[in-house]
Amino acid sequence: MTGAELIDQALLYTGIALVTIGAVYDVIAGVGMVRFPNFFVRLHAATIGAVGGAALPLVGVGLIALASSQLGPYRYGVCAVCVLTAAAILVTAPTGSHILAYAAYKSYSAPREPCVHDALRKRVEGGDEG
Amino acid sequence: MTGLDTGPVLSWFVPAVTALFLTAFTLYIVRVVRGPTVPDIVLAIDCLSYDLAVFIALLSLYYGTPFLIIGALLLSLWAYVFDVFVSKYLLKKGLGGEEP
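Protein chains in written order, with numbering that gives the first Met the number 0: chain L, 0 to 129; chain F, 0 to 99.
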């Protein structure tokens with residue numbers, strides 16, 4: 000076994016491990032999305048599903064694509080688009096869920112009810128500085 | 000680097016991991032259908048879009064076609080646009096300041 004084959008094997012099995020971990024994160028996020036009581040609590044499950052369940056396995060798919068010879072010269076392009084998509088998800092998923100949470104809080108369109116401590120209420124509804 | 004024929008490994012790995020992804024899709028779709036409010040539905044559709052992007056990337060490896068991967072990038076950016084539009088709509092709707 001030459002050195003290049005060894006590198007390809009390492010890329011393939013690292014990618015397989017990342018995709019498997021990401022799929023398990025996806026199932027965990029789905030269970031949380033169903034069982035959590037509140038929109039603002041479900042944001043945590045959505046973060047797990049976006050960062051651990053989408054960005055991580057996309058990097059893994061990129062590594063597998065880098066080792067695959069059946070894609071021909073396109074494998075570098077596939078790897079680049081996979082890493083680019085993972086970076087885009089890492090930037091846009093927290094931003095999007097933050098915008099959505101702020102809009103849902105301010106427009107009262109989601110119930111706040113199982114609530115332990117609401118530090119945003121003072122700042123949104125006026126009054127003294129929170 | 001000439002690469003490795005990963006077809007034999009992927010031919011059992013992708014169907015095995017598809018079971019996990021289908022479980023996650025089913026759980027997200029349960030939240031989309033049951034979701035009591037609009038932000039719940041939008042959040043679940045976001046997660047569904049991100050997972051679908053990963054699944055499309057896996058299918059592109061499984062079938063050996065590099066052109067499927069373009070859909071993954073567009074799908075992940077579409078979810079962000081959907082977030083922004085829905086939150087603008089929610090803020091405009093709630094400007095009256097009704098009580099919870």
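Hints may contain errors.
Claimed, not checked - Computed beta-carbon distance windows for the label pairs: (1) Arg34/L to Val80/F: 41 to 51 Å; (2) Gly71/L to Tyr88/F: 21 to 31 Å; (3) Trp77/F to Val115/L: 28 to 38 Å; (4) Ala79/L to Trp77/F: 42 to 52 Å; (5) Arg111/L to Val32/F: 44 to 54 Å; (6) Val32/F to Glu112/L: 18 to 28 Å.
Simulated from the structure, these hints should not be mistaken for lab results. Note that beta-carbon positions come from the ideal geometry of N, C-alpha and C, so glycine has one too.
Results of checking the hints against the structure:
1. Look at Arg34/L against Val80/F: about 29 Å separates their beta carbons, and that is not inside 41 to 51 Å.
2. The beta-carbon spacing between Gly71/L and Tyr88/F, approximately 45 Å, falls outside the hinted interval of 21 to 31 Å.
3. Between Trp77/F and Val115/L the beta carbons are some 35 Å apart, a value that agrees with the proposed interval 28 to 38 Å.
4. Distance hint for Ala79/L and Trp77/F: a CB-CB separation of about 20 Å, inconsistent with the stated range 42 to 52 Å.
5. Between Arg111/L and Val32/F the C-beta distance comes to about 23 Å, which lies outside the given range of 44 to 54 Å.
6. Judged by the Cβ atoms, the range 18 to 28 Å given for Val32/F and Glu112/L holds: they are separated by roughly 22 Å.
In the structure shown, a violation is registered for the earlier hints numbered 1, 2, 4 and 5, in ascending order.
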